[in-house]
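> Residue numbers (my numbering), protein chains in the order written: chain L, 150 to 476; chain F, 150 to 476.
Bear in mind the hints are in silico, worked out from the structure with no lab data behind them. Just so you know, not all the hints are guaranteed correct.
Since the list gives no way to pick one copy over another, a pair counts as held whenever it fits inside one copy or between any two copies.
Straight line, CA to CA, 27 Å or less: simulated DSSO-like cross-link-like pairs of lysine-lysine [claimed, not checked]:
#  : residue 1 : residue 2
1  : K350      : K450
2  : K396      : K334
3  : K297      : K334
4  : K151      : K283
5  : K413      : K465
6  : K396      : K350
7  : K314      : K188
8  : K334      : K224
9  : K175      : K465
10 : K270      : K344
11 : K400      : K366
12 : K334      : K264
13 : K400      : K283
14 : K334      : K270
15 : K267      : K224
16 : K175      : K476
17 : K175      : K450
18 : K211      : K344
19 : K396      : K413
There are 2 protein chains.
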Amino acid sequence: MKIIVDAFGGDNAPLEIIKGSADAVKEYGVEILLVGSEKIIKETANENNISLDNMEIMDVEKVFLMEYDPATIIKQNNDTTMAMGLKALADNQGDAFVSAGSTGALVVGATFITKRIKGIKRGALATLMPSTEKPIMMLDVGANTECKPEYLHQFAVMGDIYMNKIMGYDSPRVALANIGTESNKGTDLQLESYKLMSEAKYNFTGNIEARDIPFGKADVIVCDGFTGNMILKMYEGVALAMAKRVKGLFKRNFLSLIAALLVKSGIDDFKKQMDYKEFGGAPILGISKPVIKAHGSSDAKSFKNAIRQAISFVEKDVINEIITNIK
Amino acid sequence: MKIIVDAFGGDNAPLEIIKGSADAVKEYGVEILLVGSEKIIKETANENNISLDNMEIMDVEKVFLMEYDPATIIKQNNDTTMAMGLKALADNQGDAFVSAGSTGALVVGATFITKRIKGIKRGALATLMPSTEKPIMMLDVGANTECKPEYLHQFAVMGDIYMNKIMGYDSPRVALANIGTESNKGTDLQLESYKLMSEAKYNFTGNIEARDIPFGKADVIVCDGFTGNMILKMYEGVALAMAKRVKGLFKRNFLSLIAALLVKSGIDDFKKQMDYKEFGGAPILGISKPVIKAHGSSDAKSFKNAIRQAISFVEKDVINEIITNIK
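Next comes chain L alone, as it looks inside the complex (with noise of 0.2 Å):
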């Protein structure tokens, strides 16, 4: 198996990216195709030594910085890094491609560069996200500001498959993100998508609310890009608040320094339950290879988990699975 990695995406790049990715290699047995300047990889794998074994490079010089408008992936900047391991993806260069870059731009590109599976209207960003009982899956957090509903019901069958396949959900609990749980509650896209999801095949358990998101009531849930903008941002902002008390109950006097070293390996395991880092990256859905998108600020180990998710995404053949149920 073959990975493209999008050797200059994200704030840590390249040398966080080329380093996750050599662990990968040594961890995952993997091959790795790195997309960016040949020079200047080679240069920071000689300077911080990362070996290249099982890694070749695609020398591309041209990066897709953050303040570009993500539409111009296609046309003026469809010579970066980020579009080039997007059309090595659909020239079957490698079986997935993994970048850490611009959000915006990664959907724009896997959509119009690689392409969407046939039937499917939209794709979507689909993150999973911790929960007091285990992680659950969002979609879309940011891909489709606006959506039919249609497009929710596309994105619950292939959350369902995903956290089947992938994370080994037996019969997911799919629910639809409303203000209320009862049927008539919401705009006219819940409405009818209410509706939709019902009639479907998956295992939809009717609307939740915000509330009962942390408390993992359903394994899969879909809204629109907007919504899950807000519920996604809302979770990173309210428990970095949080957390942000609780070290200052600990820091206020000799005896709550005590108190912490007290219960040192309970915050440890706090902290891991609610690291992003240990969940990979963000999948996109509905393209016709698997795209990843790994978190902006990804460090190495970061990285190599979102290669290990986008090798399960190929192992488990979540695309076939898809295409199979869309019809």
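Place chain F on chain L using the hints.
Below, chain F without anything else, positioned relative to chain L:
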């Protein structure tokens, strides 16, 4: 000043409502008009040793139940304690109305029985939320699932006045909830609202991402009621889920129990800061008289705080300030 109280709204009615009202009479020197079954109110007061001094009773038997369709408050259920209280408010039998009953019915009832301020397109349910800095206001959090740019602008006008007059914030920072900080982010609603808000007199500081809300990076956050509901309930849900985990931290073994004792005062402060009961209720802004929604699970203390909020609402003459600024 006389506050009209729905004695039969909320999970803990009538006991906690009557108790909270009696406490408000003692603490704030206010008069109360209790709306509800005179017989039950007198029995409850008697059995629990609650003084009914400075409280009148408007004898109304019927209660607006949570499962009723909110719209029925206008006709079929216009003889309930909530509807009769709102009518008494419209008829100047009191200065403000407080209820812990159905939010939907209170919004509909306030709009069609007590009526909106002239020029206000939609009433908004506004809520105070904690932040790592100081309390912030968000509106709308559920009165209007779908909004137009002009509504959001009016919400901003009202939120600005409320935070200035009642919370004493100097030139509150007003922001629009959005998926990015740039002015070209979001759906048509956000794009057009951004323009409208940029030209307004209040201190518009631009878009705010959900991640920054718990850190208090704006004082007034405006959004449609669907988005507001998602944000508010994610706030509650994540805070509860994390509190559960932090509690778990301290319950592991003997040492962690000692740790809990060492940081007890810190934990108590933390709980107090996160406790909605400290914040009183959620005002329905845009109505011609002050209407306050107390939390459905209000106890006496929480309800007393909602009455305190109603008193400020009247004293600070928020309604006239809105009338002046909405022209």
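> Hint by hint, note whether the structure agrees.
Here is how each hint holds up against the structure:
1. K350 x K450: Result: close neither inside a copy nor across copies, 37 Å intra and 48 Å inter.
2. K396 x K334: neither (39 Å within a copy, 34 Å between copies)
3. K297 x K334: both (16 Å within a copy, 19 Å between copies)
4. K151 x K283: Answer is neither: 30 Å inside a copy and 51 Å across each miss the 27 Å cutoff.
5. K413 x K465: neither (38 Å within a copy, 49 Å between copies)
6. K396 x K350: So K396 and K350 fail the 27 Å test inside a copy (45 Å) and across (39 Å) alike.
7. K314 x K188: Neither. Shortest intra-copy (39 Å) and inter-copy (62 Å) distances fail the 27 Å Cα cut-off.
8. K334 x K224: between (42 Å within a copy, 22 Å between copies)
9. K175 x K465: within (21 Å within a copy, 68 Å between copies)
10. K270 x K344: within (18 Å within a copy, 31 Å between copies)
11. K400 x K366: Classified as between; 24 Å across copies, 34 Å inside a copy.
12. K334 x K264: Between. Shortest inter-copy distance 24 Å satisfies the 27 Å Cα cut-off; intra-copy 35 Å does not.
13. K400 x K283: between (31 Å within a copy, 21 Å between copies)
14. K334 x K270: both (25 Å within a copy, 22 Å between copies)
15. K267 x K224: The answer is within: 23 Å in one copy meets 27 Å, while 52 Å across copies does not.
16. K175 x K476: The answer is neither: 39 Å in one copy and 69 Å across copies each exceed 27 Å.
17. K175 x K450: Answer is within: at 13 Å inside a copy they meet the 27 Å cutoff, but 61 Å across does not.
18. K211 x K344: neither (47 Å within a copy, 35 Å between copies)
19. K396 x K413: both (11 Å within a copy, 14 Å between copies)
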